[in-house]
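J.: Go ahead and model the full structure; you've got the sequences and the hints to work with.
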Amino acid sequence: MQQSRPILEITDISLRFGGVTALSRLGMEVRRGELLALIGPNGAGKTSVINCVSGLYRPQEGTIALVGGDGERHPLTRLPPHRIAALGVARTFQNIELFKHMTVLENLMLGRHVHMTGGVLSGGLYLGRQRRVEIEHRRRVEEIIDFMNLEPLRSREVGNLAYGNQRLVEMARALALEPSILLLDEPTAGMNAEEKESMARFILDVHEERGVTVVVVDHDIDVIMDISDRVVVLDFGRRIAQGTPDEVRRDPAVIDAYLGHARGKPHD
Amino acid sequence: MSYECGVFHTRYRSDMGLRPKPAQRIRLALFAAAVLVFPFFASPYWLDLANQVAIATVGAIGLNILVGYTGQISLGQGAFMAVGAYAAGLLTLNLGLPWGVSIVLACFITAAVGTFFGLPSLRLKGLYLAIATLAAQEIVQWLMVHWTALTGGTEAIVLPSPRLFGIRLNSAFSFYWIAVLAAAGTALFTANLFRSRAGRAFVAVRDQDIAASVIGVDVFRTKLLAFATSSFFAGLAGALIAFYRSIVTWERFTLEVSIVYLAMIIVGGLGTVRGSLFGAALITLLPALITNAGRALQETAPAVATLLPYAQQGVFGLVIILFLIFEPKGLSKLWGNVKDYFHVWPFAYRRG
Numbered sequence: 001m002q003q004s005r006p007i008l009e010i011t012d013i014s015l016r017f018g019g020v021t022a023l024s025r026l027g028m029e030v031r032r033g034e035l036l037a038l039i040g041p042n043g044a045g046k047t048s049v050i051n052c053v054s055g056l057y058r059p060q061e062g063t064i065a066l067v068g069g070d071g072e073r074h075p076l077t078r079l080p081p082h083r084i085a086a087l088g089v090a091r092t093f094q095n096i097e098l099f100k101h102m103t104v105l106e107n108l109m110l111g112r113h114v115h116m117t118g119g120v121l122s123g124g125l126y127l128g129r130q131r132r133v134e135i136e137h138r139r140r141v142e143e144i145i146d147f148m149n150l151e152p153l154r155s156r157e158v159g160n161l162a163y164g165n166q167r168l169v170e171m172a173r174a175l176a177l178e179p180s181i182l183l184l185d186e187p188t189a190g191m192n193a194e195e196k197e198s199m200a201r202f203i204l205d206v207h208e209e210r211g212v213t214v215v216v217v218d219h220d221i222d223v224i225m226d227i228s229d230r231v232v233v234l235d236f237g238r239r240i241a242q243g244t245p246d247e248v249r250r251d252p253a254v255i256d257a258y259l260g261h262a263r264g265k266p267h268d
Numbered sequence: 269m270s271y272e273c274g275v276f277h278t279r280y281r282s283d284m285g286l287r288p289k290p291a292q293r294i295r296l297a298l299f300a301a302a303v304l305v306f307p308f309f310a311s312p313y314w315l316d317l318a319n320q321v322a323i324a325t326v327g328a329i330g331l332n333i334l335v336g337y338t339g340q341i342s343l344g345q346g347a348f349m350a351v352g353a354y355a356a357g358l359l360t361l362n363l364g365l366p367w368g369v370s371i372v373l374a375c376f377i378t379a380a381v382g383t384f385f386g387l388p389s390l391r392l393k394g395l396y397l398a399i400a401t402l403a404a405q406e407i408v409q410w411l412m413v414h415w416t417a418l419t420g421g422t423e424a425i426v427l428p429s430p431r432l433f434g435i436r437l438n439s440a441f442s443f444y445w446i447a448v449l450a451a452a453g454t455a456l457f458t459a460n461l462f463r464s465r466a467g468r469a470f471v472a473v474r475d476q477d478i479a480a481s482v483i484g485v486d487v488f489r490t491k492l493l494a495f496a497t498s499s500f501f502a503g504l505a506g507a508l509i510a511f512y513r514s515i516v517t518w519e520r521f522t523l524e525v526s527i528v529y530l531a532m533i534i535v536g537g538l539g540t541v542r543g544s545l546f547g548a549a550l551i552t553l554l555p556a557l558i559t560n561a562g563r564a565l566q567e568t569a570p571a572v573a574t575l576l577p578y579a580q581q582g583v584f585g586l587v588i589i590l591f592l593i594f595e596p597k598g599l600s601k602l603w604g605n606v607k608d609y610f611h612v613w614p615f616a617y618r619r620g
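These protein sequence lines are chains A and B, in that order. So that you can map any letter, position 215 of the first sequence is 215 in the numbering used here, and since no number is skipped, the others follow by simple counting. So that you can map any letter, position 125 of the second sequence is 393 in the numbering used here, and since no number is skipped, the others follow by simple counting.
In case anyone wonders, no lab produced these hints; they're calculated from the structure. Check before you lean on any hint, since a few could be wrong.
Away from chain A, derived, C-beta distances all over 12 angstroms, residues of chain B [said to hold, decoys possible]:
#1 A302
#2 V369
#3 R391
#4 W415
#5 R463
#6 L493
#7 F500
#8 E519
#9 L553
#10 L554
#11 Q580
#12 W603
#13 Y609
#14 V612
List of simulated lysine to aspartate or glutamate pairs, EDC-like, C-alpha gap at most 20 angstroms [claimed, not checked]:
#15 A:K196 to A:E208
#16 A:K100 to A:E136
#17 B:K289 to B:D608
#18 B:K597 to A:E157
#19 A:K196 to A:E157
#20 A:K100 to B:D477
#21 B:K597 to B:D608
#22 A:K196 to A:D222
#23 B:K607 to A:E157
#24 A:K196 to A:D229
#25 B:K393 to B:D477
#26 B:K601 to A:E157
#27 A:K100 to A:E157
#28 B:K607 to B:E595
#29 B:K289 to A:E157
Coverage of chain B stretches by chain A, computed from C-beta distances (three or more under 8 angstroms per stretch; other residues unrestricted) [unchecked claim]:
#30 279-288
#31 451-461
#32 465-473
#33 480-490
Built from N, CA and C at the ideal position, the CB exists for glycine as well.
T.: Encoded structure:
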């Protein structure tokens with residue numbers, strides 16, 4: 001897999017809420033095709049980075065650019081979230097934000113919103129063209145249902161699903177967008193070791209089989225870091241380290257951030 | 269979407285149909301047959317009530333699109349219906365347009381007005397938006413009364429009876445067909461809308477607007493579309509009332525109307541088409557039933573009969589409170605429970 005060219009370039013972004021600085025002159029890049037872990041202690045600014053990229057926060061300084069497959073640069077910093085999604089940036093949320101009164105199927109169909117056509121009039125009339133569009137995209141959604149093993153849950157209301165399944169549905173919805181870059185915000189939060197491992201397996205599958213560039217946010221130095229190609233470590237809104245999982249694990253700055261002082265192994 | 273034993277779909281097209289189960293199609297056919305036969309047996313009194321229910325169904329579905337499906341609370345239903353009624357009336361009276369054309373134009377005019385009053389939804393949510401739509405109600409009501417040059421002020425606008433091939437259409441019997449056609453069309457349109465792309469976006473905005481935006485739904489545009497679609501049908505209901513009664517006056521479209529329509533969709537079931545019909549029927553028929561009960565008691569218990577008009581408001585309030593407490597999902601959920609019971613009848617096992 002070609003991993004040299006960047007797909008996302010974050011240059012010197014600063015984000016402040018009143019007097020609180022969430023990110024300060026942060027720069028990092030995501031390379032095309034890689035699985036990048038973005039880690040850091042609580043409050044380091046990991047979710048803020050994701051929110052800036054997906055357009056929910058607007059950094060006061062700096063630029064974020066998405067580089068298309070043809071090399072074209074799309075500045076994201078001034079775009080509203082739905083335009084950024086249309087460029088192929090998909091994400092999940094730390095607290096699972098699904099459309100909980102809709103079925104799994106409807107949630108995934110919404111994931112295809114940007115690829116579908118049809119407004120209020122054509123939907124209400126539901127004549128030939130809209131029906132064809134719905135069926136064509138239902139087919140794509142079924143592929144993802146198959147990929148994520150969600151068949152038994154297809155027509156269940158999402159709000160009634162178990163926590164772990166909701167996480168999978170949210171990831172499936174993001175995949176339905178056919179993203180070029182997928183941002184996962186703490187996909188293993190609140191899971192036990194076994195569930196974490198199964199989630200890591202899904203993330204690897206998504207990355208390898210579907211060839212999606214994946215950024216995973218995690219606050220632990222564990223499973224997620226093990227599966228990633230590269231790791232970026234944040235603390236207090238700055239980048240304090242980056243490199244392969246092994247390099248990062250040995251980095252004194254990282255050990256410092258997690259344990260206060262380098263007294264031993266960061267994690268075992 | 270869970271099916272009886274033996275119902276299998278092998279094509280997405282049949283699985284995605286509006287009525288995928290045979291039992292649903294049979295029920296719908298029976299209901300349609302009853303609706304078609306009803307006017308030939310009903311007295312003019314019951315026909316008039318049926319017309320009111322049909323018109324209220326159009327309005328309730330319209331309001332449900334905005335409140336139930338999109339989650340934008342509106343207290344402006346009365347105002348939007350007023351715009352539809354006045355627009356239809358004035359177009360026919362001043363420009364001499366045929367009634368059908370006036371009704372269609374009135375729907376679009378109301379949709380435009382509704383979109384305008386939906387603009388605050390960019391910043392406001394929930395109760396704050398409700399208060400902003402209350403402003404719409406008050407502004408429109410004030411204009412109806414004070415913009416004398418256009419609306420005739422407090423004087424009612426009197427319309428000629430609509431005619432089709434020389435037949436007067438505002439008799440209870442002939443208008444029945446127009447009202448039922450409008451209600452059926454509105455119901456079909458709405459049911460279709462919410463199984464396709466645009467309608468799903470409405471529901472997404474209701475359930476989780478931030479998630480909706482990051483999967484590519486333009487939230488503000490979707491809210492405005494919901495306001496437009498909702499007021500389109502509110503305008504249709506208003507225009508139908510105008511031609512049915514041949515008279516347009518502001519007193520028919522006060523804040524109370526807005527609240528009664530909210531009551532319909534809450535009692536019927538938020539975010540469902542059938543709930544809109546159930547709610548419209550219950551809220552329209554309840555006062556009539558109480559009045560009838562009063563007449564029946566006139567002979568035997570005159571003391572109770574004289575009290576009933578006062579009880580009417582009380583019963584109305586009581587019904588709403590009881591629904592909020594015991595079945596917040598409304599009549600639609602009750603109907604669902606009945607269907608679930610017979611789904612596996614006579615076995616005791618119930619689906620979860």
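J.: Could you run down the list of hints and mark each one as holding or not?
T.: Against the structure, the hints come out as follows:
| no. | hint | result |
| --- | --- | --- |
| 1 | A302 | 25 angstroms, holds |
| 2 | V369 | 19 angstroms, holds |
| 3 | R391 | 15 angstroms, holds |
| 4 | W415 | 30 angstroms, holds |
| 5 | R463 | 7 angstroms, violated |
| 6 | L493 | 6 angstroms, violated |
| 7 | F500 | 9 angstroms, violated |
| 8 | E519 | 32 angstroms, holds |
| 9 | L553 | 28 angstroms, holds |
| 10 | L554 | 28 angstroms, holds |
| 11 | Q580 | 35 angstroms, holds |
| 12 | W603 | 18 angstroms, holds |
| 13 | Y609 | 20 angstroms, holds |
| 14 | V612 | 17 angstroms, holds |
| 15 | A:K196 to A:E208 | 18 angstroms, holds |
| 16 | A:K100 to A:E136 | 24 angstroms, violated |
| 17 | B:K289 to B:D608 | 13 angstroms, holds |
| 18 | B:K597 to A:E157 | 15 angstroms, holds |
| 19 | A:K196 to A:E157 | 24 angstroms, violated |
| 20 | A:K100 to B:D477 | 12 angstroms, holds |
| 21 | B:K597 to B:D608 | 15 angstroms, holds |
| 22 | A:K196 to A:D222 | 10 angstroms, holds |
| 23 | B:K607 to A:E157 | 18 angstroms, holds |
| 24 | A:K196 to A:D229 | 18 angstroms, holds |
| 25 | B:K393 to B:D477 | 11 angstroms, holds |
| 26 | B:K601 to A:E157 | 15 angstroms, holds |
| 27 | A:K100 to A:E157 | 7 angstroms, holds |
| 28 | B:K607 to B:E595 | 16 angstroms, holds |
| 29 | B:K289 to A:E157 | 19 angstroms, holds |
| 30 | 279-288 | holds (count 3) |
| 31 | 451-461 | holds (count 4) |
| 32 | 465-473 | holds (count 7) |
| 33 | 480-490 | holds (count 8) |
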